[in-house]
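Start from the sequences and build out the full structure, keeping to the hints where you can.
Protein chains in written order, with my numbering: chain A, 268 to 593; chain B, 515 to 787.
Worth flagging that the hints you see were computed from the coordinates, not collected in a lab. Just so you know, these numbers come straight off a predicted model, no measurement behind them. Treat each hint with caution, since some may be false.
Claimed, not checked - No farther apart than 27 angstroms at their CA atoms in a straight line, the calculated lysine-lysine pairs in the DSS-like style are these: (1) B:Lys-707 to B:Lys-671; (2) A:Lys-471 to A:Lys-587; (3) A:Lys-549 to B:Lys-754; (4) A:Lys-556 to A:Lys-587; (5) A:Lys-487 to B:Lys-530; (6) B:Lys-707 to A:Lys-556; (7) A:Lys-549 to A:Lys-589; (8) B:Lys-785 to A:Lys-549; (9) B:Lys-785 to A:Lys-589; (10) A:Lys-471 to A:Lys-586; (11) A:Lys-556 to B:Lys-779; (12) A:Lys-549 to B:Lys-779; (13) B:Lys-530 to A:Lys-589; (14) A:Lys-549 to B:Lys-671; (15) A:Lys-556 to B:Lys-671; (16) A:Lys-471 to B:Lys-530.
To be verified - Just so you have them, the derived chain A footprint on chain B, three or more residues with Cβ under 8 angstroms: (17) 538 to 544; (18) 694 to 702; (19) 754 to 763; (20) 781 to 787.
In this text, a Cβ means the ideal position worked out from N, Cα and C, and glycines have one as well.
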Amino acid sequence: METSGTVLLLVEHVGDHLRTASLPAITFGREAAARHGGGLILLLIGPGASAAAADAATYGAQVLTVEGPGLEHPLAETWAPIIARIAREQGASVVAATATSTGKDVLPRVAALLDAGMASDVTGIAGPRTFQRPMQAGNIIARIEVATAIVVASVRQTAFPPAHPVGAAGAITAVAAGPIDPRGAAFVSLSASDSARPELTDAKIIVSGGRGMREGKNFKILEELTDLLGGAIGASRAATDAGLVPSDWQVGQTGKVVAPELYIAVAISGAIQHLAGMKGSKVIVAINKDPEAPIFQVADYGLVTTWEVALPTLIAEVKKLKAAQL
Amino acid sequence: MKILVTLKRVPDPEQKVKWKGNALDLSGTNWVPNQFDEYAVETALRLTENASAGNARDGEVVVATIGPKDVSQQLRSALAMGADRAILVDGSDDNLDAELVARAVVKLVEQEKPDLVLMGKLAADSEDNQVGQLVAGYLNWPQATFAAGIAVVDDGKALHVIREVDSGVEIKRVALPAVVTVDLRIIAPQAIKNGKTAATHAYADGPRYASLKGIMAAKKKPIAETTLAALVPGSALRVKTVAIEAPPSRKAGVKVGSVEELVQKLHNEAKVL
Ligand SMILES: Cc1cc2nc3c(=O)[nH]c(=O)nc-3n(C[C@H](O)[C@H](O)[C@H](O)COP(=O)(O)OP(=O)(O)OC[C@H]3O[C@@H](n4cnc5c(N)ncnc54)[C@H](O)[C@@H]3O)c2cc1C
Ligand SMILES: Nc1ncnc2c1ncn2[C@@H]1O[C@H](COP(=O)(O)O)[C@@H](O)[C@H]1O
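The structure is reproduced here in structure tokens:
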């Protein structure tokens, strides 16, 4: 298949703005476009795509929007054929998106339709078709090469800095959706999680609690610390599985992958699946009563004590510090 | 309902990774079933039994793997849990990519004609998170990835799949036949509603253990064998691992003696407060 070096990037929007999760993929897209000697196209699908197009255009790329009945929800069955068709029309060499729940769901289906090889959860670019990505819960960094003409890639959000707008705005074009066939799939409902706190994947500071918190109500003290620090709250799988806290708080291999400036792990042992989700944090603090807990092997600062003892003092000390900073 | 479940063997995630120069040293590796696939087997069993009537079987569960002959061990474990039969597609497990696996699964689907293909959402070693979506894409079937719960609806013609997505919890309807990939929460006590087992029934948390009776029965259950070359002739890898390395290690941290010292260090030394 003839390809033109173009990078086609699926970006997501909330209201009239791009989702912050999509911005690291734009950074990836710019570099991939430079390596392939082509341009960057940002693709917006679904209701509000044209309203968010102006924001997308500030990133200096060409913007394509697709709207229409049947595209209200990101169904892989309806979205993937549109992405694949536009990729062919544009002669795209690379088709990519951030590895959000939508990106992870839709992109492999796009790869199937384009008969392309795919690199998942890319953390680095080593060449036009060569990428770095973690395997085995982050115990290995692999360099993989995609041999097909078109390369499909999902991008790990925490591995690329968010893109900033550039001076010149790109052109915006509406593209027809074409025939839509959901193949027997349908959206039924969404119960949206709403929280006044920043999203886990965007937060500069994260406080996470584990099984050692014992009861859901004990997370109140972590929430107090979190809000004092203006951060987001996370949890281990043991805490979410036990129903102490909502499951979308889970950090790890199968939860959110985060890389904040400061990660405070409280009563979390540090299983590899948990570490896989937070090892990239700049500074890690562990508070655990067991001096042998594996979390101390990755923690920059470890405090061996119970949360019952540490947290009230920690909150008081942070308050003192904040007061002094005013 | 007839269900095809895929199962991959992976190095035990709890075992420390051993290096031999620039490659992994897999000697002495303890191979285990990929956990998400074990959850998929459990899901398939819950979908095809009436737990309110002594776990009476109601459907068929076929477990398939692509890997070396040794994987029959992991297949036997799935049979001991209660799966009805197994298929071993002989192929080395270090010379596969997601596309090749998916093409082989598609061939098995054409042979077996299941109503549902159940897979793990991700293999704990390669962590590709691709095969289920690829299979659905090649077959042009509906897909529901990252399932945290499943309810059989429309007299067994469709599923409502609970999916944990970034913006919340979604319910997606897929008409059968379909591909579903399962996430952790699928093995929660009440995650599966098959329309036969009483809706109030709560399973024990997690995949079931094989009973002694199950282990004995598994010895007699068939494992059919075929080869990757027979299913997907002349295929070349599209995604190759060209090198691997250890991740940069974090420098050893310090233990602090008190909360006051911690806050002082975070403020003055790490400058994050
Ligand atoms: C396929 C698979 C995927 C997984 N994915 C994830 C994932 O994405 N994220 C994840 O987190 N896990 C994941 N896990 C689970 C993981 O293996 C661990 O079981 C889990 O992380 C343990 O959570 P924990 O540290 O809270 O609990 P535990 O391991 O039970 O540790 C509790 C800790 O609390 C400490 N403690 C107890 N009481 C106190 C106290 N009063 N004060 C201070 N400390 C105290 C204890 O010393 C202990 O270290 C996965 C597992 C599998 C099999
Ligand atoms: N070699 C294999 N044999 C059987 N199933 C596999 C194999 N590789 C991947 N799978 C299935 O595909 C799922 C997703 O794997 P992956 O896309 O590689 O992360 C796994 O949970 C398995 O169910």
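For each hint, the structure was consulted:
1. B:Lys-707 to B:Lys-671: 14 angstroms, holds
2. A:Lys-471 to A:Lys-587: 20 angstroms, holds
3. A:Lys-549 to B:Lys-754: 31 angstroms, violated
4. A:Lys-556 to A:Lys-587: 25 angstroms, holds
5. A:Lys-487 to B:Lys-530: Measuring from Cα to Cα gives roughly 36 angstroms; hence the hint is violated.
6. B:Lys-707 to A:Lys-556: Not satisfied, since the Cα-Cα distance of roughly 40 angstroms exceeds 27 angstroms.
7. A:Lys-549 to A:Lys-589: This hinted pair holds, its Cα atoms lying about 21 angstroms apart.
8. B:Lys-785 to A:Lys-549: It holds: about 11 angstroms lies between the C-alpha atoms, which stays within 27 angstroms.
9. B:Lys-785 to A:Lys-589: Given pair B:Lys-785, A:Lys-589 holds - Cα atoms ~13 angstroms apart, limit 27 angstroms.
10. A:Lys-471 to A:Lys-586: Holds, at about 18 angstroms.
11. A:Lys-556 to B:Lys-779: 20 angstroms, holds
12. A:Lys-549 to B:Lys-779: Status holds; Cα separation ~14 angstroms.
13. B:Lys-530 to A:Lys-589: 42 angstroms, violated
14. A:Lys-549 to B:Lys-671: Between A:Lys-549 and B:Lys-671 the Cα gap is close to 50 angstroms, so the pair fails against 27 angstroms, i.e. violated.
15. A:Lys-556 to B:Lys-671: 52 angstroms, violated
16. A:Lys-471 to B:Lys-530: 31 angstroms, violated
17. 538 to 544: Coverage by chain A is violated here, the residue count being 1 at a Cβ distance below 8 angstroms.
18. 694 to 702: holds (count 4)
19. 754 to 763: holds (count 8)
20. 781 to 787: holds (count 4)
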